[in-house]
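Asks: Generate coordinates for the entire structure from the input sequences, incorporating the hints supplied.
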Amino acid sequence: MRLWISPVLAVMLAFGVAACGSDDESAGLDATTGAEQSPTDDELPPPNGDESGAETDTSADDEAAVEQLYDQFWDAVVSAENGPDTDPALFDGIGTGAIVEIYVSRAREWEDLGVHRDGEPQLEDITVDVDGDEARVEACKDEADWQMIADGEPVPLEDREPSAHVVIAERTGDGWLFTDELASDEAVISCG
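As numbered in mature numbering (1 follows the signal peptide of the UniProt record, and there is no 0), residues -19 to -1, 1 to 173 make up the sequence shown, in order.
For the record, the hints were derived by calculation from the structure and aren't laboratory data. It should be emphasised that the depicted structure is a prediction, and the values quoted were computed from it without experimental measurement.
List time: in silico DMTMM-like cross-link candidates among lysine to aspartate or glutamate, alpha-carbon distance up to 25 Å:
hint : residue 1 : residue 2
1    : K122      : E151
2    : K122      : E92
3    : K122      : D140
4    : K122      : E44
5    : K122      : D106
6    : K122      : D73
7    : K122      : E134
8    : K122      : D56
9    : K122      : E90
Replies: Written as structure tokens, this is what we have:
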């Protein structure tokens, strides 16, 4: 049925346009078609409504800034968990509140037990989604090369499959800070 509607509609439109036209155009009027009178692409504002395209650039800049901050976040986590530095100042300018407490507390507990890590996780498929003043970062985290060490010996860990890592960042007056970590089952991405 759809194939018949389109040709019929095209014919009706052609007749309608022809019926509206006149052989005796008034003097001074341009007899060009409506398509030729439409504004050019240069005359139309960009879809985001900003003449300069700054909104698109800002979004890309925000995503890049948050992804760079995510790299710094993992540098701080690795430093804390590989020890012996468990100072919350590792996360200054990177994270605040609960997310800092999670990693610093765990590193301190391990330090008290004589446990630390060696190496670092591999992060892949990093995605950053910025929505206003909030950003969500998801990545696949593979800890296979990030060994747990107790009493100087590697501790065999059973579950070494890559898993999703999800964190939330918020825009502050000085940039972005990570504020929360979500459970891996809340991730949109799938890993492993």
